[in-house]
Amino acid sequence: MDLQFQDCHDLDRLPWFEHNSEGRLVLRDPAAIGPVIDFHAHLGFAIFFSPPLDLNRRAPETLTNFPMRGVPVDLSVESGLNLETHRPGRVALQYMRSMVTNRGDHATHTVPNLLSDMADMNIERAIVMAIDFPFGTQNSGAYLRAMQGQGALTPYIAINPLKPGWEARMDRLVDAGARGLKIHPYSEFMTSDHPLIIRMLRRWARTGLPVQFHTAFNALAPGFLQMLARMETYDKAIRSFPDTVFILGHAGMDFYDKAIEYANEYPNVYLEIDGQPPDNLRRIIDRVDHSRILFGSDWPFFPVALPLAKVLVATRGDRALRRRILYDNGAALLRRFGDMPSQQRAASAQ
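Using this note's numbering, the letters of the sequence shown map in sequence onto residues 30 to 379.
Certain hints may be false.
Unchecked claim - Quick list of in silico lysine to any residue cross-link-like pairs, SDA-like style, CA-CA up to 20 Å:
{"id": "1", "residue 1": "265", "residue 2": "284"}
{"id": "2", "residue 1": "265", "residue 2": "290"}
{"id": "3", "residue 1": "287", "residue 2": "232"}
It is worth saying that the hints were derived from the structure and are not from the lab. Note that the structure is predicted; figures quoted are calculated from it, not measured.
Construct the complete structure from the given sequences, taking the supplied hints into account.
In C-alpha coordinates, the structure reads:
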(Lines of atoms letter the chains of each structure in order from A and count residues from 1; the text may use other names and numbers.)
(Lines give C-alpha, C1' and ligand atoms only; values in the text may rest on other atoms or scores of the structure.)
Protein backbone atom coordinates (compact mmCIF):
# COMPACT_ATOMS: atom_id res chain seq x y z
CA MET A 1 0.00 0.00 0.00
CA ASP A 2 1.30 3.44 -0.95
CA LEU A 3 1.94 5.48 2.21
CA GLN A 4 2.97 8.73 0.48
CA PHE A 5 0.39 11.49 -0.04
CA GLN A 6 0.45 15.03 -1.36
CA ASP A 7 -1.11 16.31 1.86
CA CYS A 8 -3.74 15.31 4.41
CA HIS A 9 -6.61 15.87 1.99
CA ASP A 10 -4.98 13.33 -0.31
CA LEU A 11 -5.69 10.66 2.32
CA ASP A 12 -9.00 10.19 0.52
CA ARG A 13 -7.06 7.83 -1.76
CA LEU A 14 -7.19 5.36 1.13
CA PRO A 15 -10.32 3.19 1.27
CA TRP A 16 -11.49 4.64 4.60
CA PHE A 17 -11.76 8.36 3.79
CA GLU A 18 -13.67 10.67 1.48
CA HIS A 19 -14.65 14.32 1.21
CA ASN A 20 -18.16 15.38 2.13
CA SER A 21 -20.23 18.01 0.34
CA GLU A 22 -18.50 20.75 2.35
CA GLY A 23 -15.04 19.57 1.30
CA ARG A 24 -14.17 18.17 4.73
CA LEU A 25 -12.21 14.94 5.01
CA VAL A 26 -14.48 12.40 6.72
CA LEU A 27 -14.80 8.66 7.18
CA ARG A 28 -16.24 6.96 4.13
CA ASP A 29 -18.15 4.37 6.18
CA PRO A 30 -18.24 5.24 9.89
CA ALA A 31 -20.23 2.12 10.76
CA ALA A 32 -17.52 -0.09 9.30
CA ILE A 33 -14.82 1.57 11.40
CA GLY A 34 -16.96 1.88 14.50
CA PRO A 35 -16.79 4.47 17.27
CA VAL A 36 -13.44 5.86 18.34
CA ILE A 37 -12.05 7.08 21.66
CA ASP A 38 -9.21 9.58 21.40
CA PHE A 39 -6.90 9.41 24.42
CA HIS A 40 -4.77 12.40 23.47
CA ALA A 41 -6.24 15.78 22.56
CA HIS A 42 -5.76 19.39 23.62
CA LEU A 43 -7.43 22.75 23.24
CA GLY A 44 -5.60 25.95 22.37
CA PHE A 45 -2.76 27.02 24.64
CA ALA A 46 -2.47 30.48 26.15
CA ILE A 47 0.88 30.66 27.92
CA PHE A 48 3.20 33.21 29.51
CA PHE A 49 1.89 36.68 28.51
CA SER A 50 -0.97 35.71 26.21
CA PRO A 51 -4.50 36.91 26.96
CA PRO A 52 -6.94 34.03 27.53
CA LEU A 53 -8.40 32.28 24.51
CA ASP A 54 -12.12 32.11 23.81
CA LEU A 55 -12.33 28.32 23.96
CA ASN A 56 -16.06 28.28 23.20
CA ARG A 57 -15.75 30.22 19.94
CA ARG A 58 -16.58 28.43 16.70
CA ALA A 59 -13.93 29.11 14.05
CA PRO A 60 -14.70 28.48 10.36
CA GLU A 61 -11.85 25.96 10.12
CA THR A 62 -9.46 24.22 12.49
CA LEU A 63 -5.90 25.23 11.65
CA THR A 64 -3.88 22.29 12.93
CA ASN A 65 -0.13 22.56 13.46
CA PHE A 66 0.31 19.91 10.78
CA PRO A 67 -1.64 21.72 8.05
CA MET A 68 -4.32 19.89 6.13
CA ARG A 69 -2.96 21.42 2.93
CA GLY A 70 0.49 21.88 1.49
CA VAL A 71 2.60 19.47 3.57
CA PRO A 72 3.45 16.05 2.11
CA VAL A 73 2.31 13.13 4.25
CA ASP A 74 4.46 10.05 4.81
CA LEU A 75 2.57 7.55 6.94
CA SER A 76 5.72 5.45 7.29
CA VAL A 77 7.41 7.92 9.67
CA GLU A 78 6.51 9.45 13.03
CA SER A 79 4.12 12.35 12.48
CA GLY A 80 6.18 15.00 14.25
CA LEU A 81 9.25 14.07 12.24
CA ASN A 82 7.14 14.23 9.07
CA LEU A 83 6.08 17.80 9.91
CA GLU A 84 9.50 19.02 11.03
CA THR A 85 11.11 17.65 7.87
CA HIS A 86 8.85 19.69 5.60
CA ARG A 87 8.05 22.68 7.83
CA PRO A 88 11.06 23.06 10.15
CA GLY A 89 10.35 25.28 13.13
CA ARG A 90 6.60 25.47 12.56
CA VAL A 91 5.65 23.98 15.94
CA ALA A 92 8.14 26.21 17.77
CA LEU A 93 6.71 29.25 15.98
CA GLN A 94 3.18 28.30 17.03
CA TYR A 95 4.30 28.03 20.66
CA MET A 96 5.96 31.44 20.44
CA ARG A 97 2.76 33.00 19.14
CA SER A 98 0.74 31.42 21.94
CA MET A 99 3.04 33.16 24.44
CA VAL A 100 2.04 36.68 23.41
CA THR A 101 -1.29 36.67 21.57
CA ASN A 102 -4.67 34.96 21.57
CA ARG A 103 -4.89 35.30 17.79
CA GLY A 104 -3.62 32.85 15.22
CA ASP A 105 -3.95 29.15 14.55
CA HIS A 106 -4.30 28.30 18.25
CA ALA A 107 -7.40 30.50 18.44
CA THR A 108 -9.16 27.87 16.29
CA HIS A 109 -8.40 25.07 18.76
CA THR A 110 -11.68 25.41 20.60
CA VAL A 111 -14.37 23.17 22.02
CA PRO A 112 -16.79 23.62 19.06
CA ASN A 113 -14.02 22.94 16.54
CA LEU A 114 -12.83 19.88 18.42
CA LEU A 115 -16.36 18.48 18.56
CA SER A 116 -16.82 19.12 14.84
CA ASP A 117 -13.55 17.39 13.95
CA MET A 118 -14.46 14.50 16.24
CA ALA A 119 -17.75 14.04 14.40
CA ASP A 120 -15.93 13.82 11.07
CA MET A 121 -13.95 10.82 12.34
CA ASN A 122 -16.67 9.15 14.45
CA ILE A 123 -14.92 9.98 17.72
CA GLU A 124 -17.27 9.43 20.62
CA ARG A 125 -15.01 10.66 23.40
CA ALA A 126 -11.80 12.68 23.61
CA ILE A 127 -9.48 12.99 26.59
CA VAL A 128 -8.45 16.65 26.55
CA MET A 129 -5.21 17.54 28.31
CA ALA A 130 -3.96 20.88 29.53
CA ILE A 131 -0.32 21.97 29.63
CA ASP A 132 0.70 24.64 32.14
CA PHE A 133 3.98 26.44 32.75
CA PRO A 134 5.03 27.65 36.22
CA PHE A 135 4.17 31.28 35.40
CA GLY A 136 1.85 33.24 33.16
CA THR A 137 -1.58 32.26 31.90
CA GLN A 138 -2.84 28.90 33.18
CA ASN A 139 -4.86 26.57 30.94
CA SER A 140 -6.24 23.89 33.25
CA GLY A 141 -8.97 25.98 34.83
CA ALA A 142 -9.90 27.49 31.48
CA TYR A 143 -10.20 24.01 29.97
CA LEU A 144 -12.47 22.82 32.78
CA ARG A 145 -14.75 25.82 32.39
CA ALA A 146 -14.90 25.51 28.61
CA MET A 147 -15.69 21.78 28.73
CA GLN A 148 -18.33 22.04 31.42
CA GLY A 149 -21.39 20.06 30.38
CA GLN A 150 -19.63 18.47 27.39
CA GLY A 151 -20.07 14.75 27.99
CA ALA A 152 -17.92 13.86 24.97
CA LEU A 153 -14.85 15.52 26.52
CA THR A 154 -12.91 14.23 29.53
CA PRO A 155 -10.54 16.78 31.14
CA TYR A 156 -7.00 16.03 32.27
CA ILE A 157 -5.31 18.92 34.07
CA ALA A 158 -1.69 19.99 34.42
CA ILE A 159 -0.09 20.87 37.74
CA ASN A 160 3.31 22.55 37.69
CA PRO A 161 5.23 21.90 40.92
CA LEU A 162 7.37 25.00 40.33
CA LYS A 163 4.31 27.22 40.77
CA PRO A 164 3.76 28.21 44.42
CA GLY A 165 0.58 26.81 45.89
CA TRP A 166 0.40 23.87 43.49
CA GLU A 167 -0.98 21.55 46.19
CA ALA A 168 -4.08 23.67 46.81
CA ARG A 169 -4.46 24.21 43.08
CA MET A 170 -4.47 20.46 42.49
CA ASP A 171 -7.20 20.00 45.08
CA ARG A 172 -9.33 22.80 43.59
CA LEU A 173 -9.06 21.46 40.05
CA VAL A 174 -9.92 17.92 41.10
CA ASP A 175 -12.94 19.26 42.98
CA ALA A 176 -13.87 21.18 39.81
CA GLY A 177 -13.98 18.00 37.72
CA ALA A 178 -10.49 16.99 36.63
CA ARG A 179 -10.38 13.29 35.68
CA GLY A 180 -6.66 12.80 35.10
CA LEU A 181 -3.25 14.45 35.23
CA LYS A 182 -1.03 15.39 32.29
CA ILE A 183 2.72 15.58 32.91
CA HIS A 184 4.84 17.19 30.21
CA PRO A 185 8.57 17.56 30.95
CA TYR A 186 8.90 20.45 28.50
CA SER A 187 6.51 22.66 30.48
CA GLU A 188 7.64 21.47 33.91
CA PHE A 189 11.29 22.16 33.00
CA MET A 190 12.33 18.93 34.68
CA THR A 191 12.46 15.21 34.05
CA SER A 192 9.70 12.95 35.30
CA ASP A 193 11.94 11.37 37.93
CA HIS A 194 12.70 14.74 39.55
CA PRO A 195 11.91 14.82 43.29
CA LEU A 196 9.30 17.54 42.76
CA ILE A 197 7.44 15.40 40.21
CA ILE A 198 7.58 12.41 42.54
CA ARG A 199 6.23 14.57 45.35
CA MET A 200 3.42 15.78 43.10
CA LEU A 201 2.58 12.22 42.05
CA ARG A 202 2.47 11.16 45.69
CA ARG A 203 -0.23 13.73 46.35
CA TRP A 204 -2.01 12.89 43.09
CA ALA A 205 -2.10 9.20 44.00
CA ARG A 206 -4.66 10.04 46.68
CA THR A 207 -7.17 10.83 43.93
CA GLY A 208 -6.90 7.34 42.41
CA LEU A 209 -7.03 8.93 38.95
CA PRO A 210 -4.71 8.21 35.98
CA VAL A 211 -1.61 10.06 34.80
CA GLN A 212 -0.60 10.62 31.19
CA PHE A 213 3.05 11.37 30.45
CA HIS A 214 4.44 13.02 27.38
CA THR A 215 7.25 10.63 26.49
CA ALA A 216 10.43 10.92 24.45
CA PHE A 217 11.14 12.88 21.28
CA ASN A 218 11.84 12.48 17.60
CA ALA A 219 15.22 12.77 15.91
CA LEU A 220 14.83 16.47 15.09
CA ALA A 221 13.91 17.66 18.60
CA PRO A 222 16.35 20.17 20.15
CA GLY A 223 18.93 18.61 22.45
CA PHE A 224 17.72 20.35 25.63
CA LEU A 225 14.22 18.93 25.09
CA GLN A 226 15.65 15.48 24.46
CA MET A 227 17.34 15.63 27.86
CA LEU A 228 14.04 16.34 29.61
CA ALA A 229 12.07 13.49 28.02
CA ARG A 230 14.54 10.58 27.97
CA MET A 231 12.68 7.29 28.26
CA GLU A 232 14.65 6.06 31.28
CA THR A 233 13.33 8.98 33.35
CA TYR A 234 9.83 7.47 33.66
CA ASP A 235 10.83 4.30 35.49
CA LYS A 236 10.96 5.79 38.99
CA ALA A 237 7.43 7.19 38.87
CA ILE A 238 5.92 4.04 37.39
CA ARG A 239 7.71 1.83 39.90
CA SER A 240 6.96 4.07 42.90
CA PHE A 241 3.19 4.21 42.37
CA PRO A 242 2.01 0.74 41.30
CA ASP A 243 -1.63 1.57 42.01
CA THR A 244 -1.62 4.56 39.66
CA VAL A 245 -2.39 4.00 35.99
CA PHE A 246 0.27 5.59 33.80
CA ILE A 247 -0.41 6.23 30.11
CA LEU A 248 2.72 6.76 28.02
CA GLY A 249 1.79 9.38 25.44
CA HIS A 250 3.22 8.84 21.95
CA ALA A 251 4.33 5.35 23.08
CA GLY A 252 7.89 6.61 23.32
CA MET A 253 8.05 8.03 19.77
CA ASP A 254 11.34 6.81 18.28
CA PHE A 255 12.01 4.88 21.48
CA TYR A 256 8.94 2.68 21.38
CA ASP A 257 11.06 -0.36 22.34
CA LYS A 258 11.52 1.14 25.80
CA ALA A 259 7.81 1.91 26.02
CA ILE A 260 7.14 -1.74 25.20
CA GLU A 261 9.50 -2.76 28.01
CA TYR A 262 7.58 -0.59 30.47
CA ALA A 263 4.24 -2.04 29.39
CA ASN A 264 5.52 -5.59 29.73
CA GLU A 265 7.19 -4.99 33.09
CA TYR A 266 4.51 -2.93 34.79
CA PRO A 267 0.80 -3.85 34.68
CA ASN A 268 -0.17 -0.22 35.44
CA VAL A 269 1.24 1.05 32.11
CA TYR A 270 -0.76 1.75 28.93
CA LEU A 271 0.65 2.91 25.60
CA GLU A 272 -1.05 5.76 23.72
CA ILE A 273 0.11 5.42 20.14
CA ASP A 274 -0.47 8.73 18.33
CA GLY A 275 2.11 9.50 15.69
CA GLN A 276 3.52 5.99 15.46
CA PRO A 277 3.84 4.69 11.88
CA PRO A 278 2.26 1.35 10.86
CA ASP A 279 5.47 -0.71 11.12
CA ASN A 280 6.07 0.49 14.68
CA LEU A 281 2.42 -0.13 15.53
CA ARG A 282 2.70 -3.71 14.31
CA ARG A 283 5.77 -4.23 16.51
CA ILE A 284 3.88 -2.83 19.49
CA ILE A 285 0.89 -5.03 18.69
CA ASP A 286 3.12 -8.10 18.44
CA ARG A 287 4.77 -7.51 21.82
CA VAL A 288 2.25 -5.80 24.11
CA ASP A 289 -0.98 -6.98 25.73
CA HIS A 290 -3.56 -5.67 23.26
CA SER A 291 -5.81 -4.45 26.08
CA ARG A 292 -3.24 -1.79 27.00
CA ILE A 293 -2.94 -0.05 23.64
CA LEU A 294 -4.88 3.22 23.31
CA PHE A 295 -5.59 5.33 20.24
CA GLY A 296 -4.75 9.02 20.39
CA SER A 297 -4.52 11.84 17.87
CA ASP A 298 -2.67 14.71 19.59
CA TRP A 299 -5.25 17.08 18.05
CA PRO A 300 -4.78 19.98 17.24
CA PHE A 301 -1.11 19.36 16.59
CA PHE A 302 -2.28 16.82 14.01
CA PRO A 303 -5.59 16.35 12.20
CA VAL A 304 -7.26 13.20 13.52
CA ALA A 305 -7.21 11.55 10.10
CA LEU A 306 -3.41 11.34 10.15
CA PRO A 307 -2.92 9.05 13.18
CA LEU A 308 -6.19 7.28 12.43
CA ALA A 309 -4.96 6.36 8.96
CA LYS A 310 -1.86 4.78 10.50
CA VAL A 311 -3.93 2.57 12.79
CA LEU A 312 -6.25 1.57 9.95
CA VAL A 313 -3.25 0.56 7.83
CA ALA A 314 -1.62 -1.36 10.68
CA THR A 315 -4.81 -3.30 11.52
CA ARG A 316 -5.94 -4.24 8.02
CA GLY A 317 -7.60 -7.64 8.07
CA ASP A 318 -8.17 -7.71 11.84
CA ARG A 319 -11.40 -5.94 12.63
CA ALA A 320 -11.51 -7.17 16.23
CA LEU A 321 -8.04 -5.82 16.98
CA ARG A 322 -8.88 -2.52 15.32
CA ARG A 323 -11.98 -2.19 17.48
CA ARG A 324 -9.99 -2.89 20.65
CA ILE A 325 -7.40 -0.22 19.86
CA LEU A 326 -9.80 2.42 18.59
CA TYR A 327 -12.56 1.96 21.15
CA ASP A 328 -12.81 -0.97 23.54
CA ASN A 329 -9.58 -0.39 25.47
CA GLY A 330 -10.31 3.29 25.96
CA ALA A 331 -13.89 2.57 26.99
CA ALA A 332 -12.74 0.00 29.54
CA LEU A 333 -10.27 2.44 31.06
CA LEU A 334 -12.86 5.21 31.22
CA ARG A 335 -15.34 2.85 32.87
CA ARG A 336 -12.69 1.85 35.40
CA PHE A 337 -12.61 5.45 36.61
CA GLY A 338 -16.35 6.00 36.35
CA ASP A 339 -16.10 8.20 33.28
CA MET A 340 -18.30 6.20 30.90
CA PRO A 341 -21.63 4.39 31.37
CA SER A 342 -21.02 0.64 31.28
CA GLN A 343 -23.35 0.05 28.35
CA GLN A 344 -22.53 3.15 26.28
CA ARG A 345 -22.33 2.23 22.60
CA ALA A 346 -21.84 -1.43 23.54
CA ALA A 347 -23.53 -2.59 20.37
CA SER A 348 -21.70 -0.21 18.02
CA ALA A 349 -19.64 -1.60 15.14
CA GLN A 350 -20.01 -5.23 16.11
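Evaluation of the provided hints:
{"no.": "1", "hint": "265 - 284", "result": "holds, 18 Å"}
{"no.": "2", "hint": "265 - 290", "result": "holds, 14 Å"}
{"no.": "3", "hint": "287 - 232", "result": "violated, 27 Å"}
Violated hint: 3 only; the structure is consistent with all others.
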